[in-house]
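So the protein sequences, as listed, match chains A and B. The numbering of the first sequence is my numbering, which starts it at 1 and goes up by one. The numbering of the second sequence is my numbering, which starts it at 1 and goes up by one.
Keep in mind the hints are simulated off the structure, nothing from the lab. Since this is a predicted model, take the numbers as computed values, not measurements.
Calculated pairs, DSS-like style, for lysine-lysine (alpha carbon to alpha carbon, straight line, at most 27 Å):
hint, chain 1, residue 1, chain 2, residue 2
1, B, Lys27, A, Lys36
2, A, Lys59, A, Lys70
3, A, Lys51, B, Lys44
4, A, Lys70, B, Lys44
5, B, Lys44, A, Lys36
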Amino acid sequence: GQQVMQIPQYQHVQEGEDFTTYCNSSTTLSNIQWYKQRPGGHPVFLIQLVKSGEVKKQKRLTFQFGEAKKNSSLHITATQTTDVGTYFCAVPGYSSASKIIFGSGTRLSIRP
Amino acid sequence: NAGVMQNPRHLVRRRGQEARLRCSPMKGHSHVYWYRQLPEEGLKFMVYLQKENIIDESGMPKERFSAEFPKEGPSILRIQQVVRGDSAAYFCASSPLDRATNWETQYFGPGTRLLVL
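Chain B with its partners taken away, still in its complex shape:
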């Protein structure tokens, strides 16, 4: 059973360009979370999606950032007009629905390391 897949693993962009990060959840998982991790820091929640639905985007910057999880294909985190401060590791996690505890265990992908020059 393949784990969570993310690509690209490394992405270099110049200021002002767009970055598109892709995440394919584990088979059978319909919930996707995106996190940002700055060097030497913890994980910051960005957005929680189900298929074709954004459930919680309270951690997402209001401008330049968007996320989607279409019916077919991977989840996409899109950053427009990147700035140096966007340089970070972006992790995607997927989860099944844990009905017993009503809270979901998350399985993380390997991350995309974004470097903005």
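Isolated chain A, as found in the complex:
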């Protein structure tokens, strides 16, 4: 069946250090979305990637879609305490595009 793997599961960094989370799919994707969930909060949409090799930036966040459209990454430069939370990738279901499959998430914690 379709699998979406996210690594690492946890990441603890010093404030100011960089952070990267990776999302890998067992199937080729039409597109991928990224969400952030603060502790105790709800997922908030960050971005959607559609094109092979696409790179998008939002201030200190850089999102990349792999050339083969089977993997993606989110990189945060110079983390700040406001970046704390869990980052999820989300992909359309292989058997049903209306079904959204979320990765297991990467939880980012930061030492001030």
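Given chain A, put chain B in place with the hints provided.
Chain B alone, transformed into the frame defined by chain A:
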């Protein structure tokens, strides 16, 4: 523009009781998704609905769970005869139809935290 609204935000039920969770999508959105999130885990898709229509319920347990999105009023996720394992956060998300990409960005509500005693 009000976001997605869910109520109640917290719900406590005893085993065997019924839980009814409500979701009002963003204005202009006609698509609603329900997800379940266990503590320290990711989001699990349950059901996708449009007005008066269940599009995909492949993530919904076959028994005790049902969902509806009537022509008027909020979407309802109903859990009958709750058990302790139903304790989780239940998130609703709504979306417009994204015709350009044929895939829809989702806007999540604050969730309902269900605790079954």
